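Fit chain F to the supplied structure of chain Z, relying on the hints for placement.
Residue numbers (numbering that gives the first Met the number 0), protein chains in the order written: chain Z, 0 to 241; chain F, 0 to 241.
No lab work stands behind these hints: they were computed from the structure.
Check each hint, because a few of them may be wrong.
Because identical chains share one entry, a pair is satisfied inside a single copy or across any pair of copies.
Stated by the list, open to error - Think about it this way: if two alpha-carbon atoms lie no more than 27 Å apart in a straight line, the pair counts; the simulated BS3-like pairs of lysine-lysine are:
1. K156 / K33
2. K156 / K53
3. K44 / K65
4. K33 / K198
5. K65 / K156
6. K198 / K141
7. K53 / K163
8. K141 / K129
9. K65 / K33
10. K146 / K198
11. K53 / K146
12. K129 / K146
13. K44 / K156
14. K198 / K163
15. K146 / K44
16. K65 / K146
17. K198 / K53
18. K65 / K129
Keep in mind that this is a model prediction, so the values were computed, not measured.
Number of protein chains: 2
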Amino acid sequence: MIYQLYYWPGIQGRGEFVRLALEEAGAEYLDVAKDPSGEEQAVRKLQALLNNPKIPRPAFAVPALKAGELVIAQTANILMYLGAHLDLAPQDEAGRLWTQQLQLTIADWIAEIHDTHHPLGPTEYYEDQKAEAGKRTGLFLKHRLPKYLGYFERVLKQNPAGDKFLVGGALTYPDLSLFQIIEGLRYAFPHAMAGSEAKHPGVMALHGRVSRRPRIAAYLASERRIPFNEDGLFRHYPPLDI
Amino acid sequence: MIYQLYYWPGIQGRGEFVRLALEEAGAEYLDVAKDPSGEEQAVRKLQALLNNPKIPRPAFAVPALKAGELVIAQTANILMYLGAHLDLAPQDEAGRLWTQQLQLTIADWIAEIHDTHHPLGPTEYYEDQKAEAGKRTGLFLKHRLPKYLGYFERVLKQNPAGDKFLVGGALTYPDLSLFQIIEGLRYAFPHAMAGSEAKHPGVMALHGRVSRRPRIAAYLASERRIPFNEDGLFRHYPPLDI
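Same shape as in the complex, but just chain Z (with noise of 0.2 Å):
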């Protein structure tokens, strides 16, 4: 099977979560995104998924997957069938719900990563909110980010199979994105996360291991890896991180 991932071109977002974990099993996938035709047709056949009147199944947004007949949207729902299939996560009925209630708390570690820039909601620049972010933001520092970091340490130690991974003692689709998450949060915060990050070992050691496993290392230095950048979901703006 050949997935399509299809998702808005120049920015990792969302859909890079799914791509992570579409790399590390090794799957074929074609990107919508990286169209040899160029941007302004990636973007327009993603309108023309989301806009067909006559699809039994519409996605509200990107990334959606193809996966055979089976057209599949909001990233933790995509990752909980990849998990399934690339063997990217446990069998058992406890395991998978395990992963993905995981995987559903970093959906909302991403939703308000999201809004330390865009607290107004995404209908408006970031330009045009920029006090407002700036309130948000430095909440977010202090009272979001160690909870969240505090909570990810504590799974890794409370993980009965031990510290290396979330789930159990193997690889699944939520360490992926804990990576992404650190790797963003480093690109976005450096300031902030330096000052983090030695009390949460477990989160960053964990980080390093995703990082050197050979697919990802592979694809974080190939060109299919966009660079993070002031569209996606993890931006750098220096006035925000104190």
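Chain F alone, transformed into the frame defined by chain Z:
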């Protein structure tokens, strides 16, 4: 099996989406928020669950559901579990993924509704972010409310099995959650909703259909249904409803 629902006392909040599924299915459950020894005792029980340093799969937040040996958190994850066990979701993989995709879109909508009164995040009181709440709510009512309502209207219209339910021809857990969203939006934003209901007849008809289901109607009329209030997810602040 007697389920145990862990959630904050005194509000509907995110716990209500779980309650509606349990009530519709006629499941037996113990609601920790309504602990007979009072709200303080209920909060102590929640905190004991959340802070337990020995639990192998700790939750970031409530709602959490104890189901035998399992402790499941994240509203959409709990609903996926109940959907499978209480016949509130299709059993085939494509149907399960689509049902969960809709629930995750509802989860995003819920987060945006929460942020209308908390645009600076969950750590400060509404009273300390009134000006920002006014701006965010204005943008939400103008752009996001019609986008979400229009999406679910379209899901109903494009459902090959007809427009009575979101998924196929039978009730599933996102139908119950969509009912709750409409109920909550009518409470929070009666003025804005009055102007927008006529444009979304399918969604409003679904809301009515769910409200008349015998177990839901009995639940809504019972003392078990906590009234909406300004500590919950859906808050009626008249200056915001313009």
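Hints, verified against the model:
{"no.": "1", "hint": "K156 / K33", "result": "neither (39 Å within a copy, 32 Å between copies)"}
{"no.": "2", "hint": "K156 / K53", "result": "between (49 Å within a copy, 10 Å between copies)"}
{"no.": "3", "hint": "K44 / K65", "result": "within (13 Å within a copy, 44 Å between copies)"}
{"no.": "4", "hint": "K33 / K198", "result": "neither (38 Å within a copy, 38 Å between copies)"}
{"no.": "5", "hint": "K65 / K156", "result": "between (37 Å within a copy, 22 Å between copies)"}
{"no.": "6", "hint": "K198 / K141", "result": "within (14 Å within a copy, 43 Å between copies)"}
{"no.": "7", "hint": "K53 / K163", "result": "between (46 Å within a copy, 18 Å between copies)"}
{"no.": "8", "hint": "K141 / K129", "result": "both (18 Å within a copy, 21 Å between copies)"}
{"no.": "9", "hint": "K65 / K33", "result": "within (16 Å within a copy, 45 Å between copies)"}
{"no.": "10", "hint": "K146 / K198", "result": "within (12 Å within a copy, 41 Å between copies)"}
{"no.": "11", "hint": "K53 / K146", "result": "between (44 Å within a copy, 18 Å between copies)"}
{"no.": "12", "hint": "K129 / K146", "result": "both (24 Å within a copy, 25 Å between copies)"}
{"no.": "13", "hint": "K44 / K156", "result": "between (44 Å within a copy, 23 Å between copies)"}
{"no.": "14", "hint": "K198 / K163", "result": "within (17 Å within a copy, 52 Å between copies)"}
{"no.": "15", "hint": "K146 / K44", "result": "between (39 Å within a copy, 21 Å between copies)"}
{"no.": "16", "hint": "K65 / K146", "result": "between (35 Å within a copy, 24 Å between copies)"}
{"no.": "17", "hint": "K198 / K53", "result": "between (51 Å within a copy, 20 Å between copies)"}
{"no.": "18", "hint": "K65 / K129", "result": "neither (37 Å within a copy, 43 Å between copies)"}
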